[in-house]
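Residue numbers (UniProt numbering), protein chains in the order written: chain A, 1 to 669; chain B, 1 to 669.
Don't read these hints as lab results, they were simulated from the structure.
Model, not experiment: these values are computed from the prediction.
Think of the CB as a built atom: it goes at the ideal place given N, C-alpha and C, for glycine as much as any other residue.
Be aware that one or more of the hints could be misleading.
Here chain B is said to cover these stretches of chain A; the calculated rule only asks that three of the stretch's residues, wherever they fall, bring their Cβ under 8 Å from a Cβ of chain B [as the list claims (entries may be wrong)]:
1) 555-567
2) 660-668
EDC-like cross-link-like pairs, simulated, lysine to aspartate or glutamate; straight-line CA separation at most 16 Å [said to hold, decoys possible]:
3) B:393 / B:413
4) B:589 / A:669
5) A:590 / B:631
Protein chains: 2
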Amino acid sequence: MSHPQSVFDNTSFFGETILSRRRQIIASITLRAQLEQLKQTGRYDCFKLKWHPIYDDKSMWPVPYHLFWDSDVAKWIESACYFLQREYDASIDLAVRELVDMIRDAQQPDGYINVHYTVVEPQKRWSNLRDMHELYNAGHLIEAALAHHKYYRNNHFLDPIIKYVSLIHCTFGTSEAQLHAYPGHPEIEMALFRLYSVTKSQEAYELAQYFLQERGSPSGQHGMHYFDWEAQQRKEDPYTRPNTYPERNSHWYCQAHKPILEQETIEGHSVRAVYLLTAVADMVQLHHKGGKTLSNPDAWAEAVSRLWTNMVGKKMYVTGGIGAIKQWEGFGCDYFLPTGTHEGGCYAETCASIGIMMLAERLLSYDLDSSYSDIMELCLYNNVMTAMSLDGKQFSYINQLASSDIDKSIREDWFWCACCPPNLTRLFGSLGGYLWHVQESETKVAINIHLYTTANLSYTTALLENVSLQQISNWPWDGHVSLDLSSQSRSVTIRLRLPSWCHEQFEITPSPALDDFSIEKGYLALQPSYTNVHKKFSISIGGFEPRYISPHPYTAQHALGIARGPIVYCMEDTDNPWQHNYFRDVALKKSEPISEEAKSMANGEDYIGLRTKCWLTREDISASTAGPIFDASIGEDTSEKSAILIPYFLRANRGGNGEMRVLLRRGEE
Amino acid sequence: MSHPQSVFDNTSFFGETILSRRRQIIASITLRAQLEQLKQTGRYDCFKLKWHPIYDDKSMWPVPYHLFWDSDVAKWIESACYFLQREYDASIDLAVRELVDMIRDAQQPDGYINVHYTVVEPQKRWSNLRDMHELYNAGHLIEAALAHHKYYRNNHFLDPIIKYVSLIHCTFGTSEAQLHAYPGHPEIEMALFRLYSVTKSQEAYELAQYFLQERGSPSGQHGMHYFDWEAQQRKEDPYTRPNTYPERNSHWYCQAHKPILEQETIEGHSVRAVYLLTAVADMVQLHHKGGKTLSNPDAWAEAVSRLWTNMVGKKMYVTGGIGAIKQWEGFGCDYFLPTGTHEGGCYAETCASIGIMMLAERLLSYDLDSSYSDIMELCLYNNVMTAMSLDGKQFSYINQLASSDIDKSIREDWFWCACCPPNLTRLFGSLGGYLWHVQESETKVAINIHLYTTANLSYTTALLENVSLQQISNWPWDGHVSLDLSSQSRSVTIRLRLPSWCHEQFEITPSPALDDFSIEKGYLALQPSYTNVHKKFSISIGGFEPRYISPHPYTAQHALGIARGPIVYCMEDTDNPWQHNYFRDVALKKSEPISEEAKSMANGEDYIGLRTKCWLTREDISASTAGPIFDASIGEDTSEKSAILIPYFLRANRGGNGEMRVLLRRGEE
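Hey, can you work out the whole structure from these sequences and the hints?
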């Protein structure tokens, strides 16, 4: 099994695409800016296990400010190792080495590694699995160690981590002396499956599978739900609960309200949900391709599929964001997708959409279907990329589709809970692993292209033959992709994703014969009969005209947005000074033509801007004096305006007042 | 100051109006059915202070099942006394006498009366003002005693209650030995102001004013917020909280997040909010008309006005319901008004709309403006009346505008928290007090008519002259109202409400001269120059054509409903068997004509049904496979259907599957 984090270096990006530009910015700017944040905040030195003043701060319960520091450091190391593989950087290398040495020194004699439970509450290890992110932090350490192992080609970091995994393996499991527990915040499961894939550690596999199978058991520990049992051990009143639990026993917050196989809808904290499902997909994939037997594999595959379908069809924003509710950073009921705080919520956390990309990549590896890659791309170019400023120094954690006085369209340098910024960097570091999958059997090689850009794939087969494929395109601005295949002796099938919005408009040059290709579940497969003859060929994918989009009618939003290819657009106050009230009174009409304008950002990045007519409803709608009932004809007295739209991922880079909206009112034609 | 509960018996209903029918049903059926519930559940005997098995049930915290029993009994006594005044009923009279005797016997030597804190937790009086409804129960006892005093014309019940009020007056106040507290659930404030109005008890007035002035102080008790201080006294962990508190310190739940004068928007539990504001309006009115001085009276009046405006303009359903959120039975953010559980919520508690009627009545008494009476009527004929079945035996607590599998359109016999059923009966018992206000000055009498129906007003002036006014109408089905004034010597001004939906279409017969009338803030004033000449006259109010209505555009609902006069309509599955999915896929178009049909319910009650064309969107909208983005043209492939609508207040009386909806999708014209 080949995870993106393991095979990303088969891909090299080149040219001036959106993706290569961001990788360049992260390598040259972002990694250093984040390292500086680690140093300024105390994170860099935390594994020295000295007391830090912030540890005295008891104002937050149950999660103190420093609880995720281990993972912040780990995610930065992981990102750094990916980018070191791209291009050596002595200062980054030095920091990684220092950090790893500190982590090694922080390991306790029995293998345990965790800052909080070594320094702050040394007697309370494993006493609050629900809230305290101990296993989450361990998971990120595993991922960091795997990245380190891959780049440095030594076990300096991996060995202590394997020792830690052994300790965890002893601690959790089915025997009476073990805790029948699982992490409140899933993450370690996918880290463990990856560890297994790299090292064949049976402990890692068993532990991950145990966490997934035990999760949500109503009677796992002494006849009780584990989280209830451990709260009782902590002598907590049953009505004592974190702020994230709206009511007592809100175990759905961390997807532990029932066993995974019985969950019908995706619930709770959105990052936890997609991390968990990624691990389940890993387990299914290991059954199909990794030689691990799994009881009831179809039920596990169906659970992931069912929850994915619920998520993308009923709980996802048009930008690929998920999570409507701030309190639990997660899902509301089906179709509950208000687009901003003033409408009742919108969270759309950056990490959640990164998790969706991970999950989609796993699903694509055993169920090639463009509906997964469409969502992966939607997330990448919209909810994920909008979370970093063009200068690579600022980030957003929540990504609303409509700003308001309370939540303006802005970004921050850093967060006390800093999960998102290093998640962005590690995603972009391993992004090559998301572009394509290589499938190799004894006689055949297939390359499934999920994302178009400008990059080169170099793959070595089991027989040590080299297969390489180059794609050159100006994606996502146009749909022309030139491909250049090189393989020594093998026949290669190339499968090209046809995004749903292209409606199967495409043209291959040179034109293939009917027998040379087939289309299945949104992928066009070019057979060896074609690729053996045509090493250089191109595809032109259609559907790049700007188009009006809307959310599902059951969202009760009568709204229109505009998309072009995979890019969702927004309006910003800086382009549209006539607007007021965060574009709340602006309507689009779907019959109105949209024109394109070639534009550049201040840093030279080109993009396609859009312009159309819109209608500004009379201002007095907001001055409500009429009570709850409106005459149905109100709101039609509007004035025509010219609207300028910019890709959502470029929002908040050009000053302005932070007024932005993706979905506008849908005007009557 | 004359509260509806004090002057309702100046009004006698007659004829076969919607209102008189319901009063008849309550008198003959409902009071007995509720009495039977009191007896079956243990409430009837609770003041005997014996142990009841339910007191052992510790599964609910902090509010045990029996906590409101005192108020349930009190509200039934209050209702019973109002209806005894209408027509004597020996069994009801007997029950009232028995209950009052039991309450008298339950009084402790110091005056204290409370079942829970006498029987279950006798050492913990006043230890949890936030949650335990001790003062709320006391408030309802006061109201019951006032009703008893009015009907029985003795002090058998009122005397012990006055003693209890003295105890409370000693307990709460500004001095160091007193608690600087106020009730978590307001109610006692308005009861105390009414007690003052009847008895001139200074203790009652002072106590009510203190509760209002102290509420929300951030540092009232030893420098702390009272509710935080008392939780500390109870040794509660700061993160221990009732399920109704979504996060710790959610003191907005009970309008105690800041002093009332500083509150900018109406928040939290909706019943508490409107009960509280009713008391504030009482206090303002007592300043203007009751001879009580109040510091900063304009600020108090402005606070009520500000919060009323916020409520009716931004937080009220088209049916007069308030409260979108189930968890705290209260308000969401501005314009957050989903219409059912499947859309993200809708509570619209019966008691809350009854509270709005109380508040509107108080506001009308010092600020005559038809915007208040329009809302009062909207609540009465829609959210309030829909809460009782036609047979008078079943009730609803929440009144959603759209039902779903989770919350069907049904009613129940009773509730463990049974606040709503007896609130309906006491409202209808005192309803005469809401129809009109009589204003008397030395030389003038004015009668302000807020609600039209068929009823007679008989008023005795300070000089013991009789003024009477009869109105006969078929309201709310048509707008013709015949009036017949009789006064001995006084000149009488009659002010007639012009509902906003009549758009000032009216005709007075005989026609008044221009000098004979004026219109101000939605009331048409007929001067003595007219009424001295024309004792019998009539008004025909227009606007009874069925009309399309919509919620505010900022609710993000692109929806249409239909209203006729004050009546809001709904669709039910029983009339529209072609529908599926709770009318979620049905669209109305505002250009489509609506026809009327004279109909009768099985019990003989006539009503006007409506019929129009509607459009059923193709069913596959609900089968979402396309991900979060819809082609903007989806949803237009519809089939035309004929829709039958029935008044919302008549829903769920004719069988069917409980599928009902008020607001339908708004189709493109």
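Hint check:
1. Chain B is given as covering the segment 555-567 of chain A, and this holds because 6 residues of the stretch bring a CB closer than 8 Å to a CB of that chain, at least three being needed.
2. A stretch counts as covered by a chain when three or more of its residues have a beta carbon under 8 Å from one of that chain; for the segment 660-668 of chain A and chain B the count is 3, and the coverage holds.
3. Restraint check: the Cα-Cα separation between residue 393 (chain B) and residue 413 (chain B) comes to about 6 Å, which is no more than 16 Å; the hinted pair holds.
4. Proposed proximity of residue 589 (chain B) and residue 669 (chain A) is supported: the alpha carbons are some 14 Å apart, at most 16 Å.
5. Between residue 590 (chain A) and residue 631 (chain B) the alpha-carbon distance is near 10 Å, which keeps this suggested pair within the 16 Å criterion.
Checked against the numbered hints above, the structure breaks none of them.
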